[in-house]
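Protein chains in written order, with this note's numbering: chain A, 6 to 110; chain B, 180 to 380.
Bear in mind the hints are in silico, worked out from the structure with no lab data behind them. Fair warning: this is a prediction, and the values are worked out from it, not measured in the lab. A portion of the hints provided could be inaccurate.
Stated by the list, open to error - Straight-line distance between alpha carbons at most 25 Å, and here's what the computed DSS-like set of lysine-lysine pairs gives:
| # | chain 1 | residue 1 | chain 2 | residue 2 |
| --- | --- | --- | --- | --- |
| 1 | B | Lys259 | A | Lys96 |
| 2 | B | Lys186 | A | Lys14 |
| 3 | B | Lys198 | A | Lys23 |
| 4 | B | Lys272 | A | Lys101 |
| 5 | A | Lys90 | A | Lys102 |
| 6 | B | Lys259 | A | Lys90 |
| 7 | A | Lys89 | B | Lys198 |
| 8 | B | Lys209 | B | Lys196 |
| 9 | B | Lys209 | A | Lys101 |
| 10 | B | Lys272 | A | Lys102 |
| 11 | A | Lys89 | A | Lys102 |
| 12 | B | Lys329 | B | Lys314 |
| 13 | B | Lys196 | B | Lys186 |
| 14 | B | Lys306 | B | Lys259 |
| 15 | B | Lys288 | A | Lys102 |
| 16 | A | Lys23 | B | Lys259 |
| 17 | B | Lys259 | A | Lys102 |
| 18 | B | Lys186 | A | Lys23 |
| 19 | B | Lys259 | B | Lys288 |
| 20 | A | Lys90 | B | Lys272 |
| 21 | B | Lys211 | B | Lys198 |
| 22 | A | Lys14 | B | Lys196 |
| 23 | A | Lys96 | B | Lys272 |
| 24 | B | Lys259 | A | Lys101 |
| 25 | B | Lys196 | A | Lys23 |
| 26 | A | Lys14 | B | Lys198 |
| 27 | B | Lys272 | A | Lys89 |
Claimed, not checked - Here are some chain A residues pointing at chain B (derived, C-beta under 10 Å):
| # | residue |
| --- | --- |
| 28 | Ile9 |
| 29 | Arg45 |
| 30 | Val60 |
| 31 | Glu71 |
| 32 | Asp73 |
| 33 | Leu84 |
| 34 | Tyr88 |
| 35 | Ala98 |
| 36 | Lys102 |
| 37 | Leu106 |
Stated by the list, open to error - Heads up, incomplete: computed chain B residues facing chain A, CB under 7 Å, no partners named:
| # | residue |
| --- | --- |
| 38 | Ile239 |
| 39 | Leu256 |
| 40 | Thr300 |
Built from N, CA and C at the ideal position, the CB exists for glycine as well.
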Amino acid sequence: MSGIEAVRKIVETEAQAKRIVEEAESRAQEILASASEQARNVRQTSTAEAEQRKVQRLRETREKAEADARSSDVETDSLLENYKKLFENRKDAAAKKAVELILGG
Amino acid sequence: MAESLDKLHNRILSDAKLKAAGIVEQAEEKSKQILGEARAQAQRDADDILSRASLEAESIRRSILSSRIRANRLRILDEKNEIVQSILRTVEKSLSDIASSNQFDSTLKRFVAEAVEAVGTDNAVVKIGFRNADKKSLQSLGQSLPKGTKLIAEETAVDDLGGVVASDPEGKMIFNNSFRARLERLDNQLLTTISFAIFGE
């Protein structure tokens, strides 16, 4: 092999080596770009899921509170009904005592 | 020479491949790090969202419950108040009709005695007025009053419900012993009495 031939082969080899490194760098860029994209997706998905759970939690809380509030309404209705019965049963006695108080006080 | 050239060729390529592998490996490590950090940040963001959701949920729960409980307390108070007012109307009716009851004479005498004593003068002026009261029976009361006391029997009920008002002759010292005045003086006691009689509390 002549000297020129040898130099040419070395130059070709260097060029091939350079391509190998450049391809690797390109691949590395792709890997990092893909990682960034995946990271963005991970955060978006996670945030979306959390927001969905938040909406669900608020809806459940509201429903539970409304149910508790209805229980309070029912309890109050029952209490008011009881007051009406007490009033009917005791109004004459109450008025009598009040009149006695005014007359005697 | 050809052999050493081949070695050099292989060496150059081998170094390049090694370097390339390092670059890719470094990128993959960096990629893992980026994803790891993203997952950790995503978890923190999610935790933050859910933490704020918990606070918001508690606020919503309190708002719904407290407004309803407040409204129900008001309903209870309104009902109790209406019951007490109803009893008070009955009481007022009973008091205004007292002239036709057998308690009238004793009550009248006691009211007059209290009023005269409160004014504390020998020549008190006593005005009495009850609905449906016989004026003659009112005037007959004058015989039982201390000497010097002037009795005035009104045609109409004093303060709407009836009662007695005593004063000194100049009208400077007045003691109102009408039913209305007694209702006002005994207001707290009256409400307690009615409330206890109806609700036991």
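Outcome of the hint check:
For the given pair, B/Lys259 sits about 12 Å from A/Lys96 by alpha-carbon distance, which is consistent with the 25 Å threshold. Our distance criterion of 25 Å between C-alpha atoms is met by B/Lys186 and A/Lys14, whose separation comes to about 12 Å. Between B/Lys198 and A/Lys23 the alpha-carbon distance is near 10 Å, which keeps this suggested pair within the 25 Å criterion. A distance of roughly 12 Å separates the Cα atoms of B/Lys272 and A/Lys101; the hinted pair therefore holds under the 25 Å criterion.
Taking the CA atoms of A/Lys90 and A/Lys102, the gap is near 19 Å; set against the 25 Å cutoff, the hint holds. Note on B/Lys259 and A/Lys90: the hinted pairing holds, with a Cα-Cα distance of about 12 Å set against a maximum of 25 Å. Taking the CA atoms of A/Lys89 and B/Lys198, the gap is near 93 Å; set against the 25 Å cutoff, the hint is violated. Between B/Lys209 and B/Lys196 the alpha-carbon distance is near 20 Å, which keeps this suggested pair within the 25 Å criterion.
With a C-alpha separation of about 91 Å, the suggested pairing of B/Lys209 with A/Lys101 is violated against the 25 Å cut-off. In summary, the hint linking B/Lys272 to A/Lys102 is supported, as the alpha carbons are separated by about 14 Å, within the 25 Å threshold. About 19 Å separates the Cα atoms of A/Lys89 and A/Lys102, which keeps this hinted pair within 25 Å; it holds. Of the pairs offered as hints, the one joining B/Lys329 and B/Lys314 holds, with about 15 Å between alpha carbons and a cut-off of 25 Å not exceeded.
Our distance criterion of 25 Å between C-alpha atoms is met by B/Lys196 and B/Lys186, whose separation comes to about 15 Å. Between the alpha carbons of B/Lys306 and B/Lys259 the distance comes to roughly 37 Å, so the proposed pair goes past 25 Å and is violated. The suggested pairing of B/Lys288 with A/Lys102 holds, with an alpha-carbon distance near 21 Å, which does not exceed 25 Å. A distance of roughly 95 Å separates the Cα atoms of A/Lys23 and B/Lys259; the hinted pair therefore is violated under the 25 Å criterion.
Pair hint B/Lys259 plus A/Lys102 holds up; C-alpha atoms about 18 Å apart against a cutoff of 25 Å. Note on B/Lys186 and A/Lys23: the hinted pairing holds, with a Cα-Cα distance of about 18 Å set against a maximum of 25 Å. Under the criterion of a C-alpha separation no larger than 25 Å, the hint pairing B/Lys259 with B/Lys288 is inconsistent with the structure, at around 35 Å. Restraint check for A/Lys90 and B/Lys272: satisfied, since their Cα atoms lie roughly 22 Å apart, inside the 25 Å limit.
Simply put, B/Lys211 and B/Lys198 have alpha-carbon atoms about 20 Å apart, close enough for the 25 Å limit, and the pair holds. In summary, the hint linking A/Lys14 to B/Lys196 is supported, as the alpha carbons are separated by about 18 Å, within the 25 Å threshold. Proposed proximity of A/Lys96 and B/Lys272 is supported: the alpha carbons are some 14 Å apart, at most 25 Å. At most 25 Å may separate the alpha-carbon atoms for a hinted pair to count; B/Lys259 and A/Lys101 meet this at roughly 18 Å.
Note on B/Lys196 and A/Lys23: the hinted pairing holds, with a Cα-Cα distance of about 10 Å set against a maximum of 25 Å. Only pairs whose Cα atoms come within 25 Å are accepted, and A/Lys14 paired with B/Lys198 is accepted, the gap being roughly 21 Å. Restraint check for B/Lys272 and A/Lys89: the C-alpha separation of about 21 Å stays at or below 25 Å, so the hint holds. Hint on A/Ile9 is violated. Least Cβ distance to chain B is approximately 12 Å, over the 10 Å limit.
Residue-level restraint check for A/Arg45 holds (minimum Cβ-Cβ distance to chain B is 8 Å; threshold 10 Å). A cut of 10 Å between beta carbons decides the hint on A/Val60: the least distance to chain B is about 8 Å, and the hint holds. A least Cβ separation of about 6 Å between A/Glu71 and chain B falls short of the 10 Å threshold, and the interface hint therefore holds. Against a cut-off of 10 Å between C-beta atoms, the interface hint on A/Asp73 holds, since the closest Cβ of chain B lies about 6 Å away.
With 10 Å as the threshold, the beta carbon of A/Leu84 comes within range of chain B, its nearest partner Cβ sitting at about 6 Å, so the hint holds. A cut of 10 Å between beta carbons decides the hint on A/Tyr88: the least distance to chain B is about 5 Å, and the hint holds. Taking 10 Å as the C-beta contact cut-off toward chain B, the hint placing A/Ala98 at the interface holds, the least distance being around 6 Å. Hint status for A/Lys102: holds, given a least beta-carbon distance of 5 Å to chain B, under 10 Å.
Given hint, A/Leu106 at the interface with chain B, holds; its Cβ is 5 Å from that chain's nearest Cβ, closer than 10 Å. Given the 7 Å rule on beta carbons, the hint for B/Ile239 holds: about 6 Å separates it from the nearest Cβ of chain A. The beta carbon of B/Leu256 comes no nearer than 11 Å to any beta carbon in chain A, farther than 7 Å, and the hint placing it at the interface is violated. Of the supplied interface hints, the one on B/Thr300 is violated, with its beta-carbon coming no nearer than about 24 Å to a beta-carbon of chain A, more than 7 Å.
Checked against the numbered hints given earlier, this structure breaks hints 7, 9, 14, 16, 19, 28, 39 and 40; the rest are met.
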